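Student: Residue numbers (our numbering), protein chains in the order written: chain A, 2 to 427; chain Y, 1189 to 1420.
To be clear, the hints were calculated from the coordinates, so they are not data collected in a lab.
Treat the hints with care, since some could be wrong.
To be verified - As a list, the in silico EDC-like pairs of lysine to aspartate or glutamate whose alpha-carbon atoms are at most 16 angstroms apart:
no., chain 1, residue 1, chain 2, residue 2
1, Y, Lys1377, A, Asp214
2, Y, Lys1224, Y, Glu1310
3, Y, Lys1275, Y, Asp1382
4, Y, Lys1275, A, Glu205
5, Y, Lys1275, Y, Glu1383
What the hints assert, rightly or not - Have a look at the derived ranges for each label pair, beta carbon to beta carbon:
no., chain 1, residue 1, chain 2, residue 2, range
6, A, Leu263, Y, Ala1279, 16 to 22 angstroms
7, Y, Leu1230, A, Ile56, 25 to 31 angstroms
8, Y, Leu1230, A, Leu294, 48 to 54 angstroms
The structure presented is a predicted model; accordingly, all values stated were derived computationally and were not measured.
Don't be surprised by glycine CBs; every beta carbon is placed ideally from N, CA and C.
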Amino acid sequence: MKSVAGWLFREHWLIGASITRIMLGAWAVYYYLLHYPVRSLLWGPAGIWPYDRFIEHLQLFSVWQLGPSPVLFEALFHLGIVIAVAYTLGLWPRVMGVLHWVMIWSLGERNPFIGDGGDNIMRIVLLFLILVNTGAYFSLKSPRPADATLSPTTSHQVAAVIHNFGVLLILAQLSMLYMSTGLYKAMGELWQNGTALYYILRVEEFSWPGVADSAFRSPYFVVLGTYGTVLFELLFFPLLFNRWTRYAMIVAGGVFHLGITLFMGLVTFAWSMFSIYPLLLTDREYEGLTAWLRRRLGLVVFYDGWCPLCTRSIRWLGRFDLLSLVRFVSFRDPGVVERYGLDERGAERRIQSVGWSGRLHEGITAMLDIAVRSIPLWPAVPVFIICRMIAGQRVYDAIASRRLILVPGGCVGHCPLGETSDAGGR
Amino acid sequence: MGRVIVGWAVILMMAAFAIVYIANTVLYLTPPNPVKVRLLPLVFAIQHPLFVQNWHLFAPDPIRSNFVLAVRCRTGDRITPWRDATKPMLARLHQDRNSPMSRLLRIQQNAIRLAFGWTSNEWLQLLCRREARHARCRGEDPETARQQEIGFVLLRRSGSLACDEVVGAGRATAVQLGVLVHQPPPWSKRHLPDEGGSTRSIVFPWMRYQPLIAREDRGRDADPKIRGVTGR
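The following block holds chain Y by itself, in its conformation from the complex (with noise of 0.2 angstroms):
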């Protein structure tokens, strides 16, 4: 008899926490909806952190565009010509898959996206559907101010890695960065090559170099692997 008790305690203790955990993610990953207004509170504090989860997965708007990081530093009086920081990893990305340059340009990409304020907040585009002057609209809130700065933290290092490469490891001052957003032509003339896209460029002011990486590991700099991060 006690055996047949502590068998069905367990098995509806289960299927409470299975229920409440479906229900829960089922609500955290509908789009907004009244339901969720009402619960939403409630839905975070039961999904975050431990199952925070995002399904986007290039949907409902993929990806487009790429993003091309273009490095210049300064020692003292002197001034690099920009290079590109971004082509090389790429190079050796589809030379092979089986690269950690996968997950090295994943850094600056998304480095370049926060430092841009670029969110997929699905509620921020309702707001702004509505009331496009609102302060978040415009980028001029806290929340995009600390995304942006996270952003500039992750460039800054890149950048300041990519100096090392150029000029030799903690010899430059100072670091300047650029986007080139680059938008591939449209399915329309999707037999144009690459360069019939449509491209702009975002140039961001100096910034101070800072050395990354232990001391002690700086003999690695002569590691291809390191060494591609920053594009040579």
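For reference, chain A alone in the conformation it holds in the complex (with noise of 0.2 angstroms):
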């Protein structure tokens, strides 16, 4: 009982429901400035849907019935736009969290004819992220206000709780509605002797001309996705509950939502519902995978830290190192060479690399190795893969052997820099 306590007093999934909050959000403007052209048409006063229909048709609330002036229309059509930009980048999480799920409802409810299940399952959801710590991670959140009333820890842990909980049921929800799909499914006919997929494909609606004719007219694409969709769906609930079947349910979701909306062109279906799968890894697992990534992709970088241009193209670099996935370590540095077991002359011809594999590259393609890994690089990649087909080390070599190279204690300060450009690198 004590431990069950002591583990809804923490929070979980901190970094997963940080992750949902921009994935919903993002979705969100996206879906705003997708419509943006139509949004008289499809949520206006003069709209396909007219002003006074939906009042009478109004089920809880919606900020559209304010009034049904064109001015006031746009006024709120733009605030919402402003408040889902706010809730992915994560200002003020807590209350933009509730105004964004309001916009969301207020559009649905505005516009009850174009929604589909992926807006269904989000609408649900936003409503419990309410409850949900979601500005922890990844967000220019602002400080959270101490409560005076109750001492910090008590109401740290009530939060907690709530954040749990709510977790829990936007789980279950979704648990729920693979449950409930499969179930329909399994009862239905044409899913029954394999052949739904087929005549899905067949509506042009839910088509993708040229690629699906061929799809559809093959017995196995045809009985596999359709069976594989109800076991899919049946099976989602129970086999989250072991962490190796929890992780295969992951990756047949994003197949399964992916193809969906390959075949069928439901793209924001598939984004709302994979918004929600960052919640099924744990904080730990996160930190695990990211630990673990850190390791694969961490590279050691040997350059001459006797070099003026070396050491200012490697500062430089290493402002683009986002990631910090890459050290810098000069080889001219004691007993640098020896603890890395690097070929002096080699080091000194070359710039050298050491990634996970223990591997050692040098030149351009240590160049490529810290360019893959910066992100603000990324333009540059091509640019090494291509130099390197082209003229493999010689523009490497052509600069780096016409550096400059001071000893320490000789000049200092006022040293002449190599007449070479910044490329060269080491």
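Combine both chains into one complex, guided by the hints.
Tutor: Written as structure tokens, this is what we have:
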């Protein structure tokens, strides 16, 4: 009992909740902008669903019920975009969480004829996300004000309990979704005889002309896709309880929804479904994953610390290593050559890098290793590849061999720099 | 001590909420069954409107027909020829998955389903299996009438918008709509092209033209995205 409470008093799924927030926020920004040119038609007071009808059929509330004025409509629509952007960025996550749900709910109420299952699950998830701390990661949040009435630990505990239950409710909701649709499919004749996918893909609204044609004529594709869908949906919930089958379900869900997007063209549906998936991994799993990726992608680079051009270039390159994956070490530093077992003459000739595999790369290949790991340098990656294909190490060597080497204790401060450009690296 | 009590109180409150919500949602999502029959008003009272949900998603019977909306317009004594208001939108959707056509198409597709009085109501299916002659099963009940009326509001406005394209904004006096229901060939004839299926058509009576989109938005008629709605 105590351990359950202890577990609930700490916030779990903080990383996943933040990713979910970003994905659902980005969904809304995309949705608003995609329909920007047709907004009056879809939601406007004189659009396809006239204002008086909308008021008559209102279920709960909608911000658009404030009035039929086109100016008000425009103001609220743009306000919705601003809120969606702020929510995505994680500004005042709690407040924006409520406001964003209000705006998305309002949109659905204003025009109930364009929604789908993706919109439906998103409305419910956004509502539960109000309980959840979605601003712990990747956010420009404002600091949370301390609660004066309760001691900070109590309010933090209460918030943690609510947060954890919020996430559990979302996961339960997702499981009920798959279970429900899986059971209904299992009851349908076409799903039973394995041809449902054929009939769906032949409906033009849910097809991919040119590609789907050959797919839906293949009995193997159709039967596998039909049964696979039912099996995935029914097994999703039970298989969440084991770690490895849960990973398998995440991958299967990815393939499943990607397939739906490609073949049936339901882009926003897959997007809102995927947005819930980050909550299927715990914070510890994310941390383990990043640590593993860091180990796999980590790189040690050996440069010449006696060469001003090299030192300057390295400092410049280091600024682009936003993910801190690259460690730059001067092979001239005492003990480095011995510790890493370097060939000193080779290291003198070219910059060298050692990755996870332990294989030594040098010159242009080492530069490529650095560029691949530095996001701002990604545009340069093809340049390095082409350069290496055409000239091999020659360009690099031409620059490196002309560099100036200053033995420490020589000139300091007013040394002439090499005539070559920065692109040479070492 | 006080801290522990507050913590446990919140845990119990949230747990109670979660249990009620999950149990209710499970019941809400099940097909008609005796427990659901007994608790139906409560189940719906908890679920509506905040947590309304429907996960049929092509189940149990997937959609297997194409609905094509055809429009013709009357201006004074002239009647335009029929034109297809669905195919051009589909073409744009297939050309660019990132187009608003996906949602715009749903308006007319849903409007057609509503106007036909179609429903996925499982209780109704149960009723009609037993009493096929019941007023609800023949579409002669107020609920179906209400649904059809909504469908016709949407169809009439879609048609009017289409006529703005055909004869110019505000120039039409009446709109007529027809629906082609096309069923692609069955699995056994899967190698046939789409035309190999069966087609039937329904023509609705003439409806009065109804201008839509606020007057200040008229200038936007030139916008290709809006124009696409009506199928040019």
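Student: Would you pick out the hints that fail for this structure and give their numbers low to high?
Tutor: Violated hints: none; all satisfied.
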